Amino acid sequence: MLNPAFIPTALLLQLMLLALLQEGLSWWSSLVLIGILLFKYISFKAQQKVRMMTINALAVMLCLLLLSQLWQQDMQDSMLQLLFFSAALRLFSIHSELQHAKKLLWVQYFLITTGFMLNQSLWFASAVFLLFFCNLYLHYLLFAPVQQRQFRWTDIRLLLWVMPLCIALFVLFPRLPPLWQTERQHQAQTGLADELSLGGLERLVQNDSLAFRVEFADEKPAQHELYWRAKVFETFNGQDWLPDLQRASQPPLATPGRYRYQLVVEPHFQRSLFSLGQVSQLQGQVQTVAAGLIESRQQISRRFSYSLTSNGSAVAQQNPEEAKRNLVLRHTNPQASALAHQLKQQHRTASGYAQALYQYFEQQQFSYSLRPPVLNQQAQVDQFLFQHKVGFCGHYASAAAYLFRAAGIPARVVAGYQGGVWQAQGDYLQVLQKDAHAWVEYLEDGYWRRFDATVIVAPLRLTQGLSDALSLSERQFLDQFFQRGVLGHWLQQLEWLDYYWSVWVLSFDQTEQRFIWHYFKTMPWLWIGGSIMTSLLLVLVIYLWLQRSNQSQNVLLRQRILKVLRPYGEKADYQSMESYLRQLIQLYPLQATKLNELLSAYQQFEFAEQLEQLQQCRKLLHQLAKHNSTVG
Amino acid sequence: MMLKMTMWQKIKQKLWQRFDRWLEQRQPAATELTLRQHLLYVFPSTYGAWFVLLIILLYVFGSNYQNNLILLCAYLLLSLFCCCILAAFFNLYKLQLKTSPPLTMPLHTYASQNLTLSLALSHAQDKKMLLFSGNEFEALLFETLPELVQLELYPRPRGFYQLQRFKLESYYPFGLIRCWTYIQLQQAYWVYPTPSVSKNSNAAPRQQILDQPDQLAPYLPGDPASSIDWKRLAKNPWQPVVRQNSESSTPALPKTLIVTATGAALELQLSDFCFLLHQYEQQGESYCLITATGTIGPDQGQAHLHRCLQALVLC
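Those protein sequence lines, which keep their order, are chains H and D. Position in the first sequence (first residue = 1) + 1 = the numbering used here. Position in the second sequence (first residue = 1) + 2 = the numbering used here.
For reference, chain H alone in the conformation it holds in the complex:
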C-alpha cells in the first residue's frame, strides 16, 4: 500500500527536476521524458495499470537510442540521461508496490545529487536541495502510516538532529583526493580564446557574465594596477597571436608578496587562471607555468578557488630563450616596421621607446571603439595604424607588440582581464567577462614591463570601466547585450551571498580542513576538559541534592527510625512499622513509654497527615538514640 500522495508528489518532483537539469539533457530526451511523465499522469488519473512488458520494451528502446547518440554526447550527460530515464520509467511502473517505490527513491537521490555537476551557484543549489528534501519527504511517506501526510514533531526533531551532524561531517570528515582524472569534452569554452586576432576579445566584451571574484586579505591594489594576467601570446603569424607551445611548469619565486588574495573562478573549461604580476606563493590545486602564469591541474569545470600572493611588480625573465622567442617577426607590415626603426633610432632604451610609442598613439589621434572598421588587407597592422586609427584593446596590443618587435625589443601580447567592480557589501572585487583586456609586455633589464596603449587612448577604460570609456552611441550598442530587468538588479544585489557561498562551501577543501584540525589541536584541551568535568560534577551534585529534597518526608522519617532503632533490633522485611515497634515495646519495657509515644506520633504523621507530629517523632528519636548510646 502506497500513500495516496506518493505518486503525485513524485510526478511533480520529476517535472521540476526535468526543468532544472535542462542543461544536461538533449532535446530529444527532454521530449521523451515529458511524454513519459504526461502519460504517467494520465494513467494515474484513470487508475490504469501499465503492463511491465510495455515498460521493459520502452526501456530497451531508450537505451538503444541513448547508445546511438553516445558518440555525439559528453559521457557525463549520457549518464545523467540514463539515470533520468530509469527514474521516469520506474515511476511509470509504480502502481502500489513498495519495492518499485523504494528503487525509485534510490535512483532519484542519485539523480538529484548529480544536478550539482551542472551548476553550483547558490540559486541552483538551493533548488537542487529543495528537490532533495522533496525526495526525503517522499521517502518518509513511503514508510509512514498511509494516511499521514505531514511531518510530526518527533520527525522534525529527528531532522534537527541530522543537520548539525551533517555539518560536522562536512567540516571534519576526511576527504579523498580525486581518484581518476575527468575532463569534460564537447563543452563550450568561455573566457579568453587560445588565440588573439587583431579584433579579438570582441565576443567577450559583449558578455555580461561573471568571470571570477577576488578578495584581498590586507592591501588592495589601485584600480589601474589590476591587470589580471591569464594568457601570454608569443607567436605572431601576421594575423593572429598564438601561445607558445612550451608549457614547462616551474616553481614560483620566493619573493615577499605585497598582496594576498583569494580568487573564485567561474567554470570556463580551460586550465588557465588569473594572477596579478609576479606570483610568489600559491595555495590550492594550482601550479605556475611559463611566463609567470598560473594554471590549474585540471580543467575548470566547476567553481574553483585558489589563493595567491603577488608583489604586483613586473614579471621576471625566466631564460634567454624567452627573449629570443619574443623577437621573431615576419615583416609583413612595411609601414609599421619603418615607423619602428625610426622611433628606435631616436630612443635607445626600451623604456624610452615605450614612452615614444605612448606619445605616438596620443598624437596621432587614435580612438577607442567597439565597432572598428573591418581590417581586410594583408598588412593588418599597417591598415590599423595608418588608415583606420580606430580600434580597441586587441588592436592596440597587437600593433604595439609588432612595433616593439620590429624595433628589436622582445615583446609579447598578454590577454586577461583589467579592473573589475568593487562590491560594497562584500568587500570583494567582481570581474566580468566584459572586463577582458589585452596588453603588451616588453623586456627590459630582465623584467617584462607592461605597455598598455589603451591607457592613452581611452584613459577612462581603466579607471571607470568599459562603458564610461565609450561614446553614447557605443554605450547604447553595448547596452543591448546587457538587458537587465528590475529583478536582475535585485539579484545583483544578492550576489555577495553567492560569493560567500562559493568561498565557504564550494571551495572548502583539505587545506582548510587541516587548518581546522590544527586549530582544534592547539586549543587548550586541558582547561576545556577540566571545566567540562567540573561542571558535570556540579550538575550531578545539584541533581542528587534536588533528588534528596524531593523525597517525601515520610520516606526520610522511616529511614531515620530504622537507623536509630537498629541497635534495639532489626526490622524484618515482612513486618510493618507498627508490628516492629510493638515488638520493640515488648522487648524493652524501659523504653516502652517513649516507643509508644513514637508509635502514635508516627501513625498520626503518616496516616492522619498531622505534620506537626514530625517534630515530635524527631524529638523522641533523638532521646532514644541518646539513651541507647549511654546504655551501649
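Note that these hints are calculated values from the structure, not bench results. All figures in this text were calculated on a predicted structure; none of them were measured in a lab. Certain hints may be false.
As the list claims (entries may be wrong) - So, partial list: chain H residues that the calculated Cβ filter (under 7 Å) puts toward chain D: (1) 126; (2) 162; (3) 167.
Here a beta-carbon is modelled for each residue, glycine too, at the ideal position from N, C-alpha and C.
Given chain H's structure and the hints, the job is docking chain D onto it.
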C-alpha cells in the same frame, strides 16, 4: 546432496535451539514486559544496505569531482542514516506489553476455532508501524498502536498451550533500520474439544438409567387435578389414579459422565461430553465427570464447568 541438506538442516535446527535457549535466558516469560535495551535488536535492513551503497557512491563521486555539494548530500544521507538508528530504537523503546486475559474464566477456545488474544499496550503514543508476527497467528501491522491489540490465534487441536515467543518489529522511520524483539509472554490457553452431538452416543443410555420411571398412586383429596391419569380414569372411573413425577418426589441425582472410550472413539466421546457439559450447565443441573485420573464434582457453576472441560482436554 540429500544428506548434505539434512546435515545443513540439522545444523540450522541446532542453531535455532541454541538461539531459543539464549533468548529464554535473556527474557524469561512474563505477564508484563517493558521493552528495554537488552530486549531490542537494531540492524540495518536490506534497503538500509542499499542506502549505504548510495552514500558510498556519492562520496566517491563527490571526492572525484571535488564537488563539495555532492559530498554534502552524502553526509546528509549518512547523518540521516545514523539518526535513524536512534529513531528506530526509540520507536519501540519503553513500550509496555501486558496480557489481559478474561477475569472470570481461563483463556480458552474450542478445537478448530480461532482464539482472540488481547494484549494491553502502554507508552504507545508515538510508536508507529509495528508488525506483530509469530508462528501462532497471522502477521498484523499496526500503523499507530491502539491501547488493546487483539491477535487471532490459529485453530489448534485440543490441548493446553503456552503462548509462543513472537516477534515485534518496526522499520519506522525511513525503512533503513529494522528494530525488533522476540517476546515471550506468560499466557497459557486451553483448547477444549469441539462440542458436538453424535447419533450413536453411548453416553445417553447411562443417563437414562439414572432417570426414575413415573409412579402411580391412588388419588387423595388435595392432589392437583392436572396430575390425574385421565386414561386410567376412563377405564376405571371408581379408582382415580394420579401420576407422581419422580423429580418432584425425590431429589435429583447428579448427572455423571464417565470417559470410557480410547483411541479414535475418545475424541468423539470427548466432543459429546463437551456438548453435554454445556447443556447441563445451561439447564442448571448438577453434574460430575469421571476420568482415568479422578472424579470431579458433582457440582455446578462456571468454575466447575471449566474444571470439567480442562479434565476433558487432558484425557
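Hints, one by one, checked against the model:
no. : hint : in the structure
1   : 126  : 6 Å, holds
2   : 162  : 5 Å, holds
3   : 167  : 4 Å, holds
The earlier numbered hints are all upheld by this structure, with none contradicted.
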